[in-house]
Amino acid sequence: MMEKLIRNLGKKILAITVACLVGFFSLPAIAQATCIEEPPVPVENGSCSYTNTDPVPVDLTVNSAIIDLPPGETGTIDEILITGPNGPEYSCSNINVANGTDLIPACGQGSAVLKAGMTTLEVQGSNFQPQTNFDDFRITLCGD
Numbered sequence: 039m040m041e042k043l044i045r046n047l048g049k050k051i052l053a054i055t056v057a058c059l060v061g062f063f064s065l066p067a068i069a070q071a072t073c074i075e076e077p078p079v080p081v082e083n084g085s086c087s088y089t090n091t092d093p094v095p096v097d098l099t100v101n102s103a104i105i106d107l108p109p110g111e112t113g114t115i116d117e118i119l120i121t122g123p124n125g126p127e128y129s130c131s132n133i134n135v136a137n138g139t140d141l142i143p144a145c146g147q148g149s150a151v152l153k154a155g156m157t158t159l160e161v162q163g164s165n166f167q168p169q170t171n172f173d174d175f176r177i178t179l180c181g182d
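Read in order, the letters of the sequence shown are residues 39 to 182 in the numbering used here.
Everything labelled a hint here was simulated from the structure, so no lab data went into it.
Among the clues, some could well be false.
Stated by the list, open to error - Ranges of calculated distance between the beta carbons of each label pair, as one might list FRET restraints:
no. : residue 1 : residue 2 : range
1   : G110      : D140      : 15 to 25 Å
2   : P126      : P168      : 14 to 24 Å
3   : T112      : M156      : 31 to 41 Å
4   : V96       : T170      : 30 to 40 Å
5   : N171      : T99       : 27 to 37 Å
6   : T170      : P123      : 35 to 45 Å
7   : V96       : P168      : 38 to 48 Å
8   : N171      : N124      : 29 to 39 Å
9   : N90       : N124      : 27 to 37 Å
10  : P123      : N171      : 33 to 43 Å
11  : D173      : N124      : 29 to 39 Å
12  : N124      : G84       : 32 to 42 Å
13  : D92       : S131      : 30 to 40 Å
14  : A154      : L119      : 34 to 44 Å
Being a predicted model, the structure only gives us computed values, none of them experimental.
Built from N, CA and C at the ideal position, the CB exists for glycine as well.
Let the hints inform the model, and build the full structure from the sequences given.
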């Protein structure tokens, strides 16, 4: 009788423990996005050129690369190239952009997979208008 009571109690404790773990490690808590916001890039005479090298601490799948421009501004990303520790990891060229453009679907290549290590982002842009000089062009890379 005592053995049956202990077995039932053990099953209940196991069920409560599993329920707590599932609740504590829920998908929304695990799946918070990691974003890398690049510093602002100056646009002069309708063009920009930017190169930045930073460490990527862990492998990162970039699912969005959002363009941030002043309202009403448009332009062209002539080329974007991401080079990781083992060579090129993503490239795209000749994409027309506006504020909020996501380069990942616009480029049509799917997500960018960045390997941990030193990573260089190179961006060339042109045809920015109606303003041709401003200091707040940004790209924010986000992934899981």
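What hint numbers does the structure not satisfy? Violated hints: 2, 9, 13 and 14; rest satisfied.
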